[in-house]
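Trainee: Single-letter residue listing:
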Amino acid sequence: MKLNSKSKSLLVALAIGLLLIPFVTDTLLGRGWVRIVDFAMLYIMLALGLNIVVGFAGLLDLGYIAFFGVGAYCYALAGSPHLALAFPMIFPNGVHLSFWVILPLAALLAGGFGVLLGAPTLRLRGDYLAIVTLGFGEIIRIFLNNLNAPVNLTNGPQGISRIDPVSLADVRLSVTQEIFGISLPSVHLYFYLFLAFTVLVIFASQRLEKSRIGRAWMAIREDEVAASAMGINTRNLKLLAFAMGAMFGGASGALFAGFQGFVSPESFSLMESIMVLCMVVLGGMGNIAGVILGGVLLAVLPEVLRHSVVPLQQALFGKMIVDPESLRMLLFGGALIVMMLYRPAGLLPSRVRRRELDTDEVVETV
Amino acid sequence: MTNTAHLLQLSSIGKQFGGLSALSDVSLHIQHREIYGLIGPNGAGKTTLFNVITGLYQPSAGEFQFDGKSYQTCKPHVLAKAGIARTFQNIRLFANLTALENVMIGRHVRTRAGVFGALLHDRTTRNEERAITERARELLYYVGIEKPARTLAKHLSYGEQRRLEIARALATDPLLLALDEPAAGMNATETASLKTLLQTIRNSGITVLLIEHDVKLIMGLCDRVAVLDYGKKIAEGVPEEVRKDPAVIAAYLGAEPEAHTSGFAPLASLSPLAGEDPGERVVDNV
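Top line first, the protein sequences correspond to chains A and B.
So for the first sequence, my numbering puts the first residue at 1; every next one is plus one.
So for the second sequence, my numbering puts the first residue at 367; every next one is plus one.
Misleading hints may appear alongside valid ones.
Cross-link-like lysine-lysine pairs, in silico, PhoX-like; alpha carbons within 25 angstroms at most [unchecked claim]:
#: 1; chain 1: B; residue 1: Lys-447; chain 2: A; residue 2: Lys-210
#: 2; chain 1: B; residue 1: Lys-582; chain 2: B; residue 2: Lys-610
#: 3; chain 1: B; residue 1: Lys-610; chain 2: B; residue 2: Lys-598
#: 4; chain 1: A; residue 1: Lys-210; chain 2: A; residue 2: Lys-8
#: 5; chain 1: B; residue 1: Lys-513; chain 2: A; residue 2: Lys-210
#: 6; chain 1: B; residue 1: Lys-561; chain 2: B; residue 2: Lys-582
#: 7; chain 1: A; residue 1: Lys-210; chain 2: B; residue 2: Lys-520
#: 8; chain 1: B; residue 1: Lys-435; chain 2: B; residue 2: Lys-447
#: 9; chain 1: B; residue 1: Lys-561; chain 2: B; residue 2: Lys-513
Keep in mind the hints are simulated off the structure, nothing from the lab.
Okay, chain A solo, but in the shape it has when bound (with noise of 0.2 angstroms):
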């Protein structure tokens, strides 16, 4: 890829720009803030995984915060003393594995549970398959609920605590770092391990699409008989592409028990599933720049609101009336209504933006 000198310093511009977004949330909204922001990091990872599974190859998947899940839980059974209590004998300290140990192997095994979830919905579409993975995020959930016994596995609903931090190369990424004389809090460390792995992962889905396997899944969106009359083996791309939105589920999952030290099926929940889909719906399914928008907005949002409506509502009517979790449900389902009605492909819809930058393109009378 050649960059001209103007796109090369906005690219710096940008990540300039991005390095600085944990000092400035700090210093203008509070600690707490920078929390917000790296759980927006993990929801944009998290969306842009189903956006392959969702976006490229037009599966509607209703379960994909199991995969999210499964990572978490992998990351937590790994990396913390409680698989002592189920396995005393084994494992005397619980497993302390590497958190590059971890990571693909928890990447790896969501994959597993992908192609596990792809194999048996292979003929269904539509609203069949949607169902069916619906139903898939409840077994994983209800799974991880109740796997405490008879060999206490997950620790069922109290969940799984204690779980080692992230640590790269001995860097310890819970306590306080000081690198060049810069004093970097642990939210802080995590939002730039957070910032490098969405960066891959962006880098990684714009690769994919723009590929002879992304193509492939995008006819299988558009038309799948087509697909399969043109040679494109739809059974095994399919399973590809719930393997791969489920690794990076998986992935985003360990990062996330790294992060919170803390799983509990709660986590995991289909109202969980559906705020990821509602990410890539609502910023555009299949388009990169819209999936990080939508993921953006749906995640720090309802934070906004919360830190909003309660004072605003002290201020106006001297106490709470409405509580922000039920405004924020109320907002949310208008907000998706008036989406719905006027611009249903998304806020950045995948091919205007492509129409807009190509100059040669007829333009559409409708």
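Since chain A is already given, all that's left is putting chain B on it; use the hints.
Mentor: Structure of chain B alone, referenced to chain A:
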């Protein structure tokens, strides 16, 4: 593969849908480098046979050999790889992708890059991508699509969409190009240029199988023609002979062969083809 063997050989192909027999005992062969036409009244089983040949349906009986290999039950993508490419009666392009991407997808089966190639974008992958794009552009030019390659498939005109389907099929480097009513809905000028295109394709060494309602086109273009009626092959041969075949005339006009020489039009209105495309009634009037 020797040139003497047939490219496609169907032996006693049958296809049942529940109790309905859509095809029974259809045997035919297609030779290398010929344009082979498949005609018959509506509901005769043309498209069913077509779907069997391209792997969309599995035959209930019989078998077929393609390029010297026998295929009992086969997935469409396997047959596409073996060298059968098709178009669809109701255009099935990838509507929201560009014309160029549609053709590039056709190259899928002849290229190799996988996930790692996509992610690493190594030299081999880059070269392959370049070759895919180049070939796709050539094919767009070849079939005569003059609109920009980045036009979405759904924004092309009807005739161009039909041509784009052919370009996409050609991108799979087929030995046999199977076209399901390529001239449907085309005007006379478009049909004429389609005819030229099909002849060019054949001259480039690709065998063409054609289902068509436009009898004029079939008669002027095909080397050999088979006629299906009620799922059976009732005639086969060069167009001249087939046109005079009593069984064919009966199938098309629902009349005794001698009757059509006198009162053609009234009989046609009684025939099962009444209300059909007028092009069909002129089976013997071309």
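Trainee: Hint by hint, note whether the structure agrees.
Mentor: To see whether the hints hold, each was checked on the structure:
At most 25 angstroms may separate the alpha-carbon atoms for a hinted pair to count; B/Lys-447 and A/Lys-210 meet this at roughly 23 angstroms. Of the pairs offered as hints, the one joining B/Lys-582 and B/Lys-610 holds, with about 14 angstroms between alpha carbons and a cut-off of 25 angstroms not exceeded. Annotation: proposed proximity of B/Lys-610 to B/Lys-598 holds, straight-line Cα distance about 18 angstroms (limit 25 angstroms). Restraint check for A/Lys-210 and A/Lys-8: satisfied, since their Cα atoms lie roughly 21 angstroms apart, inside the 25 angstroms limit.
Restraint check for B/Lys-513 and A/Lys-210: the C-alpha separation of about 22 angstroms stays at or below 25 angstroms, so the hint holds. Restraint check for B/Lys-561 and B/Lys-582: satisfied, since their Cα atoms lie roughly 11 angstroms apart, inside the 25 angstroms limit. Simply put, A/Lys-210 and B/Lys-520 have alpha-carbon atoms about 20 angstroms apart, close enough for the 25 angstroms limit, and the pair holds. For the given pair, B/Lys-435 sits about 13 angstroms from B/Lys-447 by alpha-carbon distance, which is consistent with the 25 angstroms threshold.
At roughly 21 angstroms between alpha-carbon atoms, B/Lys-561 and B/Lys-513 fall within 25 angstroms of each other, so this suggested pair holds.
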